[in-house]
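Residue numbers (the working numbering), protein chains in the order written: chain F, 1 to 676; chain B, 1001 to 1447.
Simulated from the structure, these hints should not be mistaken for lab results. We put the CB at the ideal spot given by N, CA and C, even for glycine. Some clues are possibly wrong.
No farther apart than 20 Å at their CA atoms in a straight line, the calculated lysine to any residue pairs in the SDA-like style are these [what the hints assert, rightly or not]:
hint: 1; chain 1: F; residue 1: Lys228; chain 2: F; residue 2: Gly170
hint: 2; chain 1: F; residue 1: Lys653; chain 2: B; residue 2: Met1389
hint: 3; chain 1: B; residue 1: Lys1295; chain 2: F; residue 2: Arg641
hint: 4; chain 1: F; residue 1: Lys653; chain 2: B; residue 2: Phe1434
hint: 5; chain 1: B; residue 1: Lys1398; chain 2: F; residue 2: Asn569
hint: 6; chain 1: B; residue 1: Lys1398; chain 2: F; residue 2: Phe605
hint: 7; chain 1: F; residue 1: Lys644; chain 2: B; residue 2: Thr1232
hint: 8; chain 1: B; residue 1: Lys1265; chain 2: F; residue 2: Arg627
hint: 9; chain 1: F; residue 1: Lys642; chain 2: B; residue 2: Arg1346
hint: 10; chain 1: B; residue 1: Lys1399; chain 2: F; residue 2: Met604
hint: 11; chain 1: F; residue 1: Lys633; chain 2: B; residue 2: Glu1367
Between beta-carbon pairs, the in silico distance windows are [unchecked claim]:
hint: 12; chain 1: F; residue 1: Ala591; chain 2: B; residue 2: Ser1391; range: 28 to 36 Å
hint: 13; chain 1: F; residue 1: Asn661; chain 2: B; residue 2: Arg1146; range: 56 to 64 Å
hint: 14; chain 1: B; residue 1: Arg1235; chain 2: F; residue 2: Glu428; range: 25 to 33 Å
hint: 15; chain 1: F; residue 1: Ser587; chain 2: B; residue 2: Met1389; range: 42 to 50 Å
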Amino acid sequence: MQFLLRPRSTALSFVGRFSDVKKCRIKRRSQGCTAPGTRIRHRWIKTVGEPAICPTARQFCSSAEKDVDMSKFPVDRIRNFSIIAHIDHGKSTLADRLLEMTGAIAKTERNKQVLDKLQVERERGITVKAQTASLFYQHRGQTYLLNLIDTPGHVDFSYEVSRSLSACQGVLLIVDANQGIQAQTVANFYLAFEAQLTIIPVINKIDLKNADPDRVEKQIEKIFDIPKEECVRISAKFGTNVDQVLQEVVKRIPPPTAKVEEPFKALLFDSTFDHYRGVVANIALFGGYVTKGDRIVSAHLGKMYEVNELGVLRPDEQPTERLYAGQVGYVIAGMKDVKDAQIGDTLYLHKHPVEPLPGFSPAKSMVFAGMYPTDQSEYTALRRAVEKLALNDSSVTVQRDNSLALGAGWRLGFLGLLHMEVFIQRLEQEYNATVIITAPTVPYKAVLASPKLIKEYREEVVTIINPAQFPEKSQVVEYQEPMVMGTIIAPDEFTGKIMSLCLSRRAIQKNMVYIDDHRVMMKYLFPLNEVVVDFYDQLKSMSSGYASFDYEDAGYQLAELIKIEFLLNGKPVEELTTVVHKDRAYSTGKAMCERLKESIPRQMFEIAVQAAIGSKVIARETIKAYRKNVLAKCYGGDITRKMKLLKKQAEGKKRMRLIGNVEVPKDAFMNVLKRK
Amino acid sequence: MKKKVQRLRPLFRQYVFPCSGTEVAKIQRRAVSTDQPLHAHEASLYVHWPYCLKRCSYCNFNKYIPRSVNHVLMTECLQKETRTLLQLSQVSKITSVFFGGGTPSLAQPSTIAALIGTVSKHAQLSADAEVTLEVNPTPAGKARLRDFVAAGINRFSIGTQSLCDASLRVLGRDHNALQALQTLSEARTLCPGRVSVDVMFGLPGQSVESWESELEEVLSVCDDHVSLYQLTLERGTSLFRQVKLGELSVPSDDITATMYRSARKRLEKAGFLQYEVSNFAKDNAVSAHNIGYWKAQQYIGIGPGAHSRFVPLALGGVHREARTQTLEPDVWMWEVWHHGHGTRRRMQLSHLGQLEEVLVMGLRMTEGISHQHWKMFSPEANLQDILGMCSDVEELQKKGLLILDERGLRCSWDGMALLDSILPVLLLSLETLFHMCRPAPSPATVD
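Let the sequences and hints guide you as you build the complete structure.
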């Protein structure tokens, strides 16, 4: 085995995608001293900051596919688990250690966030896309197959989290020994709790000077009702007690209930798109087994596919001959489109249909924003980039949109603000695109008043994602706005400030408990609209960074919504129409009028900038007329320069948007519409 | 000197001189065929003296502060370039001469005399033709006025700028208010009725009241011509930087608008007729030379960085060219010495380009553009054809900013202050009609 390995790794170093040759060498040197796990085939081709799989690497996989006999892992020696944690509590570091200890990757100083492959994940220290790693672990003379399903930490991605959890029987709930329970810890706990998973609390960073694991254990006991004896204290950074974590996984987490005797039945819980091979689907087997060459059917679409390749993720793809009940792996079956691989779909063998698994409700877009190319000539390139990115992020909704001011673009729906930021950052980093993003809005609902209108809209309750299409008050019974249940955890000295901030955001307090002597957990019901713009930033700055915030969907609630129109000399500017809560109308109207005033250049006449609700003007700014605009000196030597300037202005006039007689430059719309 | 020229030599490779016959033919083919306006054999002459003693804080003109000036060489070069360009343009009559700068009152009277002599020798320069010299009102400048008159100067333009010593210091001028008054008085004695005063407003620290009282003082000492310039902050000047950094502040747009308005009213009351955006004259003491620019007449620019508009008839040209001379005095001299002139850039004006200049310059005058004047440049489409159908132009007329009637096209009193907002509308309208009538070829550039 060792012998076989050598030429392979040597060859790999020549593949050329390793720009950092030194890194490669270190890894090779350390290959002989890998840890206690069963060494089936160590592939330490860690793709650093680059989406996985290059064809060259794949060839090696195929050539050695007989190496793993997955039948050696009956259900009772399989454990499927996730790690969940608040951001920065050390989830990815623990994952790195687990991979090292089981020999999935070589132990080096450089393993940092191995499972986080995207540049944005590494920069922000977050996980966006769930990843899977199969670990082979020796315990009491037996080899166990531990499937670690890494999940995103942030609520925006709770959809991804719940997807991952559906393939698990247990979770490691990590809490920072210094910071204690944070808002996301709570949200993630409930996700796991509701999925009835075994929860192993892990207190991380006990090496820190200010670590106070006793206090954290008390918090866990108080909030989650888990006896403190069940907590495992570790330092993922130094590997302290990490082996104990693995032992507890084997001991405490139950094996999956799947039976190999039953017909093949698998949950498709994630997918990625590879331009060479099509869809790579991540599956969890709930029964039977699947072999290369099998013909499988998707319960959702009824389409049939032939399995070209399957295997386990270690965390890179390692092809195997079969996958058995209870196991987690990947399948490539000639699916050409991500839509073929519906997340939550059930797969079964051709002619052996099964009762489909419950699946998932599709991801719900909570935040919408317009996106436009900074230059319309870049539209086509941007469209390609958006399409490509959306392929691997099924939770983004893309709708074409056209703004009179900003040109052709899209209205994108995101799971939350972080999701939106990550998407845009990925567009910029991975596709080198520059875009204008409008201020985010939330989807409102309107319950229509008359059967005639219902017929016209084809539904009683209309969801409005574009303010311009907001139905008039006279047409509706009521408006509704999306609500979220927000969890804030902060030291108690900030309680007063936080309460008044929440109050100013129309939030209603639902609950407040001390999670220990100094920390308070507050629950507030927020209108989503109030938290999408700069709430988190304000919370962070007023609490010197100590407060953490998280929210979950809390349905819709009756709301007094109002449409504000903006007028220039009495003429409405359609693209600026905004929907706000009644209480916000005045301040929003005023703020936008001020921004418009700053952005529209003076003209030869006075311009009235007004915000109006119906026919009632609620705010007004005046752009005074130019009183003097003429070059003082214009003689023989000045003509050329002056002509150039005037021609440029004349050219610019062509590109202005004319509202009535007011010329509005594109920049003005950008300044008013874009996120600050 | 010689060493410097050697170092700069490679620069001139991009320079083509003079056009070969085939090139001329090419230009002719590319050009829009139009009849040349009248007076192709007339032009005014501008002479640029590029040197100053001191850098003014607001000035971004082409000027140099040398350790010493080789007056003899400079004189010879200016003469030589005058000869060359006169020959090239085949202009037989020079209608006016203007010595600008820089600080042309630092030139030796003999230089001025030599140049006037050269002009008279190669073209007709009538005895009553306006010959203006810009003067910095320093004691040295004042002392030479008499010699300048003897050299042939018959009009002075005094760069007073301000009668407030504090303002003069901020502007970095090399004179004070008293010296300015003395120079002005001397000039008026020498050329009665033919002295102009330059005054600036919108200066740092200036209020409407202080400006008004300063203007009163100007009126009490001035001759028959006043030029009023609003201070323009030019990028790259020290004043621009100081204002950007907040060390100085200039009056707001509304204040300067008020200053302009009140000055116009006051000057009118004092019998000064405004004939251009910044120029006022009593008893028709207008500057014939400057009117030439606004009426889009031909002019020949001599000296470093000078601009010209003329038809190079000697090259077989039939279309007007916009020409710019080399900026740096040393390089310019080298070129003149070797090639007879220092033209760095030649750009043939397209018909549309020419009409645009007629429009932009003509509307600066209170009398505007007469139908007759327009017809000289655009025999086929009159002002009514071009602007009559445009709704934006109609809007301007309705607002009382622009007048289009049987006399021609002009700004109203209010419209004059907003000319630069009006012009883009007119240019757009002109361009639209022009392209509708005939697709114009791109202007030919000759570098």
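Taking the hints in turn, this is what the structure says about them:
no. : hint                              : verdict
1   : F:Lys228 to F:Gly170              : 18 Å, holds
2   : F:Lys653 to B:Met1389             : 18 Å, holds
3   : B:Lys1295 to F:Arg641             : 18 Å, holds
4   : F:Lys653 to B:Phe1434             : 17 Å, holds
5   : B:Lys1398 to F:Asn569             : 18 Å, holds
6   : B:Lys1398 to F:Phe605             : 12 Å, holds
7   : F:Lys644 to B:Thr1232             : 18 Å, holds
8   : B:Lys1265 to F:Arg627             : 15 Å, holds
9   : F:Lys642 to B:Arg1346             : 17 Å, holds
10  : B:Lys1399 to F:Met604             : 10 Å, holds
11  : F:Lys633 to B:Glu1367             : 18 Å, holds
12  : F:Ala591 to B:Ser1391: 28 to 36 Å : 35 Å, holds
13  : F:Asn661 to B:Arg1146: 56 to 64 Å : 58 Å, holds
14  : B:Arg1235 to F:Glu428: 25 to 33 Å : 32 Å, holds
15  : F:Ser587 to B:Met1389: 42 to 50 Å : 46 Å, holds
Comparing the model with each numbered hint stated earlier shows that all of them hold.
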